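K.L.:
One-letter residues, chain by chain:
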Amino acid sequence: MQDYAQQVLEGSPRAAARLISWLEDEDERALDVMERLYPHTGRAYIVGITGSPGAGKSTLTDKLTFALRRQGLTVGIIAVDPSSPFTGGAVLGDRVRMSRLSTDPGVFIRSMATRGFLGGLAKATGEVVKVLDAFGKDVIVIETVGVGQDEVDIIRLADTTCLVLVPGLGDTIQSMKAGVMEIADIFVINKADRPGADQLYAEVTTRVEQDAHLKERAWTPPVVRTVAVEDQGVDRLLEAVHDHRRFLEDSGALEDKRRRRAREETLQMIHGELFRRIRDRLTADGELEALVDEIAAKRRSPYRVMREVIGRWLKE
Amino acid sequence: MFDDKALERIRAGKDNWEKTTLAKTLPKAPERKPVFTSISGTPVERLYTPLDVQGLDYERDLGYPGQFPFTRGVQPTMYRGRYWTMRQYAGFGNARESNARYRYLLEQGQTGLSVAFDLPTQAGYDSDHPLSMGEVGKVGVAIDSLDDMKILFDGIPLDKVTTSMTINAPATVLLAMYLAIAEEQGVSFDKVGGTVQNDILKEIICRGQYIFPPKPSMRLTVDLIDYCFKNVPKWNTISISGYHIREAGSTAAQEMAFTIADGIAYVQACVDRGLAVDSFAPRLSFFFNAFTNVLEEVAKFRAGRRVWARIMKERFGAKDPRSMMMRYHVQTGGVTLTAQQPLNNIVRVALQAYAAALGGCQSLHTNSYDEALCLPTQEAVTVALRTQQIVAEESGATDTIDPLAGSYFVEAMTDKIEADIEEYIKKIDAMGGTLAAIEQGYIQKEIQDSAYRFQKEIETGERVYVGINKYTMEEPEPTNLLKVDMKVGEIEAAKLKKLRAERDQAKWKAALDKLREVSQSDENVMPAVIEAVKARATIGEICDVWRDIFGEYRPKEFV
Amino acid sequence: MAQERKIKIIVAKPGLDGHDRGAKLLARIFAEAGMEVVYTGLRQTPEMIVETALQEDADVVGLSSLSGVHMYFFPRVVQLLREKGLDDVLVVGGGIIPSEDIPELKKAGVAEIFGPGTPTAKIVEFIKQNVRRRD
Chain A
1 MQDYAQQVLE GSPRAAARLI SWLEDEDERA LDVMERLYPH TGRAYIVGIT GSPGAGKSTL
61 TDKLTFALRR QGLTVGIIAV DPSSPFTGGA VLGDRVRMSR LSTDPGVFIR SMATRGFLGG
121 LAKATGEVVK VLDAFGKDVI VIETVGVGQD EVDIIRLADT TCLVLVPGLG DTIQSMKAGV
181 MEIADIFVIN KADRPGADQL YAEVTTRVEQ DAHLKERAWT PPVVRTVAVE DQGVDRLLEA
241 VHDHRRFLED SGALEDKRRR RAREETLQMI HGELFRRIRD RLTADGELEA LVDEIAAKRR
301 SPYRVMREVI GRWLKE
Chain B
1 MFDDKALERI RAGKDNWEKT TLAKTLPKAP ERKPVFTSIS GTPVERLYTP LDVQGLDYER
61 DLGYPGQFPF TRGVQPTMYR GRYWTMRQYA GFGNARESNA RYRYLLEQGQ TGLSVAFDLP
121 TQAGYDSDHP LSMGEVGKVG VAIDSLDDMK ILFDGIPLDK VTTSMTINAP ATVLLAMYLA
181 IAEEQGVSFD KVGGTVQNDI LKEIICRGQY IFPPKPSMRL TVDLIDYCFK NVPKWNTISI
241 SGYHIREAGS TAAQEMAFTI ADGIAYVQAC VDRGLAVDSF APRLSFFFNA FTNVLEEVAK
301 FRAGRRVWAR IMKERFGAKD PRSMMMRYHV QTGGVTLTAQ QPLNNIVRVA LQAYAAALGG
361 CQSLHTNSYD EALCLPTQEA VTVALRTQQI VAEESGATDT IDPLAGSYFV EAMTDKIEAD
421 IEEYIKKIDA MGGTLAAIEQ GYIQKEIQDS AYRFQKEIET GERVYVGINK YTMEEPEPTN
481 LLKVDMKVGE IEAAKLKKLR AERDQAKWKA ALDKLREVSQ SDENVMPAVI EAVKARATIG
541 EICDVWRDIF GEYRPKEFV
Chain C
1 MAQERKIKII VAKPGLDGHD RGAKLLARIF AEAGMEVVYT GLRQTPEMIV ETALQEDADV
61 VGLSSLSGVH MYFFPRVVQL LREKGLDDVL VVGGGIIPSE DIPELKKAGV AEIFGPGTPT
121 AKIVEFIKQN VRRRD
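As you go down the protein sequences, you meet chains A, B and C in turn.
Just so we're aligned: 182 in this note's numbering is position 182 of the first sequence, and the numbers increase by one with no gaps anywhere.
Just so we're aligned: 395 in this note's numbering is position 395 of the second sequence, and the numbers increase by one with no gaps anywhere.
Just so we're aligned: 62 in this note's numbering is position 62 of the third sequence, and the numbers increase by one with no gaps anywhere.
Among the clues, some could well be false.
Stated by the list, open to error - Restraint-style ranges between C-beta atoms, simulated for each label pair:
no., chain 1, residue 1, chain 2, residue 2, range
1, B, Glu523, A, Asp235, 26 to 34 angstroms
2, A, Thr206, B, Gln520, 28 to 36 angstroms
3, A, Arg258, C, Glu104, 54 to 62 angstroms
4, B, Lys150, C, Glu83, 38 to 46 angstroms
5, B, Asn344, C, Lys106, 49 to 57 angstroms
6, C, Lys106, B, Thr472, 34 to 42 angstroms
7, A, Asp235, C, Glu83, 32 to 40 angstroms
8, A, Asp235, B, Asn344, 56 to 64 angstroms
As the list claims (entries may be wrong) - Not close to chain B: a few residues of chain C, all C-beta gaps over 12 angstroms, as computed:
no., residue
9, Lys13
10, Asp17
11, Gly34
12, Arg43
13, Pro46
14, Glu47
15, Lys84
16, Leu86
17, Gly115
18, Thr120
19, Phe126
As the list claims (entries may be wrong) - Within a straight-line C-alpha distance of at most 20 angstroms, the following computed SDA-like cross-link-like pairs (lysine to any residue) qualify:
no., chain 1, residue 1, chain 2, residue 2
20, A, Lys257, A, Pro105
21, C, Lys84, A, Thr87
22, B, Lys456, A, Pro105
Calculated directly from the structure, the hints in this document are not laboratory data.
Since this is a predicted model, take the numbers as computed values, not measurements.
Cβ atoms here follow ideal geometry from the backbone N, Cα and C, with glycine treated the same way.
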């Protein structure tokens, strides 16, 4: 077998790409490789780009990456698109706006389908971040699915989360669900040359200044105007990202953030692995179906079944 | 057009027919399918009667040829005066070969030239750019600099011919070259006539030959329109194109609706620039497709003319009737041609040309039957030209004006398409206009959904396509296909190298600096572009200046 | 137990040709057939396409060309894939391609060419039958 860990560390894009596929497929072989890569993670800075569909996230990601490249930083991009719940297929179209980056050796772009995972990311996105981190990318940009306002998982993964809003898309502050405004470390008013941009800017600024939730934090989210298509305001956005990074580093918040992330990840991994093992065991000999039959016939309750299965497992 | 009493009688008569004659026949001879639809998916009824056009007001909705609302045609005599212009789009390889072809065509009595450019020229790249690899001279002539353009029009008097150039994103550059040649020939600009396509919105919607983002692109478009209005009065400054929208899979109504939406955006942009609507609107023209579904196509053209006239009059307050006329070129439907049993395409093209004639086009290009296989051969081009000549000379369609008017079906279909167009325009307005609708991908998505629906209909056999899903047969391999010489690219690249070495460097640099300065201001770019091409700046260099200032466009793709 | 393997396919338009009706339509059809489709958009160089295939760990590359440049682009894509060690990636093509060119394209490593009017189900079936098995 190929030594993918070694190859990823040596900078083989092919090994990184294949390892990512394994992670997406929940292939068990990925586990050992990831274990070996883990000591080499934690270097990269992680930026999340989120916002409604049509907000211009891909274009912004493209331009932001160019700006990062101009500063000599290498970039990994993870672009997430939804899978169809009916067919399981997906059209991953984010690369279209990143075409000119595709042959830059300092940039690695990976499209991911959600495969039924909710929250705006794919299940394996967190792992893919680690691969690109170990692969040596300085900054990793995650572009979330843009389907609504419930895609807040990004804050668990990103060091800096940019919430992209545009005038005229119904992105008014009143329409924001509770909790969405709070995810932003930086607000981006994209397509700021459109009618309504000034109003949106004013609304967001006022909200940032007045809202107790936002205000009480030590960091006041800046509001940056961009016209990504015409490459306007992107340098200012990048500056804001750097500012936020400095803030996190200086205040020790970055360490806290990453510690929280490690805790969640560890729990999630245990959860996932435990679940996987029990499920595999139950399905391997048909026991699960037998249990379901009994539950369906109301002979036993799912609560009892759960306790028995867990109990048995813990004894082992 | 019918009084209430007459309608009452007809309604009773139709009821009676349905209950008696029809009811008796249907069980014995059932219809082929439960629902009939046009190729665009519009339901088609069993029978149309005056009941279906009872809302029609002859004077208001149809009127007379050459008069508002121009439903029946834009000229008072239409083809009784003279036929449409038979203009075949051509151009291949390098400038010299194309020049020989043009001179031949002119010797044959043709008075209008139509220039096809290769893709690098259309995308604003020089022949030696990496993206030009393999594309130079492929689908049209390669133009890098004024030198190429001079060869292309060598020995062709620009005051005697009109030239239609299919060029969009870099339209200003090609027009500048054309004008520079006119100047050298001693032809004053007011004697120069022709057309540039100059329709960037449909490139962004569906054709893909864009360079800059929409806003600066629109600025270049309006600069060209403004400049020509003041200096080249006989030039047709834009050809607002539905052709490619239809090719991309739209329905007939969508083709007309989105083209009109684009038209509204251009007129608005000119008005915003401060131009009086009647100053530039008479020089706007359109370009449409014609599919095989003859009656629906005729209805589309009639509805389009009516809607445009009303928009120009009511929305933009045009006073000059010429501002309200939808004049248009038609090309037969490229995507309707099949690679299978290619000779069948001659029949398709004939029906499409017939539709264009019955619909009242001002000029027509008929496709060659082998276009689904390769670039057209000389033989196929000749058959294509003969096809429209037969429609003009033999079919009788040209003897009277708008011969299908008054057909209950055609009038009902015209009304239906008109209603569909108006519905779309309303939606697009609500989104904040055409540019916003394009940015949100609304128009692209509508087109793609139609393309998808059509494909499904073909694959399920719901819609018959002869040679594709019915009446198929084993065929011998086609032969005699025209191929382009792959060497053209190398030759052009060598020429460029020489040009760059030999031109007056100081003059060249000064011209590009000036262009940059003007482009960053609000000034019209045209004079600076003309100076730049005269200083032998290449199309790629000029577009690079703009790429630098305006940025490059990457579309939002909607699949 | 691993997730069901999904076929990942790149749908690309090489060169400057802007006719993407077929490419977009197929992207949609492939997704409906359960594949994960990376659509590259227009104006792709062979280098861009191959780099995309590499980063995305694609199983299939589908190329569409209607401007007559297939003889330049298709073999070049296959060659670059091989150079990057991606020799098990299935390459298929479509568009306006004279049948006399097909033998040469196949010799260059293009697995199949689908002309205008090919039922999309046939294309999906071919890909499912011929796609590599990933180790």
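K.L.:
Which earlier hints can't be squared with this structure?
P.N.:
Of the numbered hints given earlier, those the structure breaks are 5, 6, 9, 10, 12, 13, 14, 17, 18, 20, 21, 22, listed in rising order.
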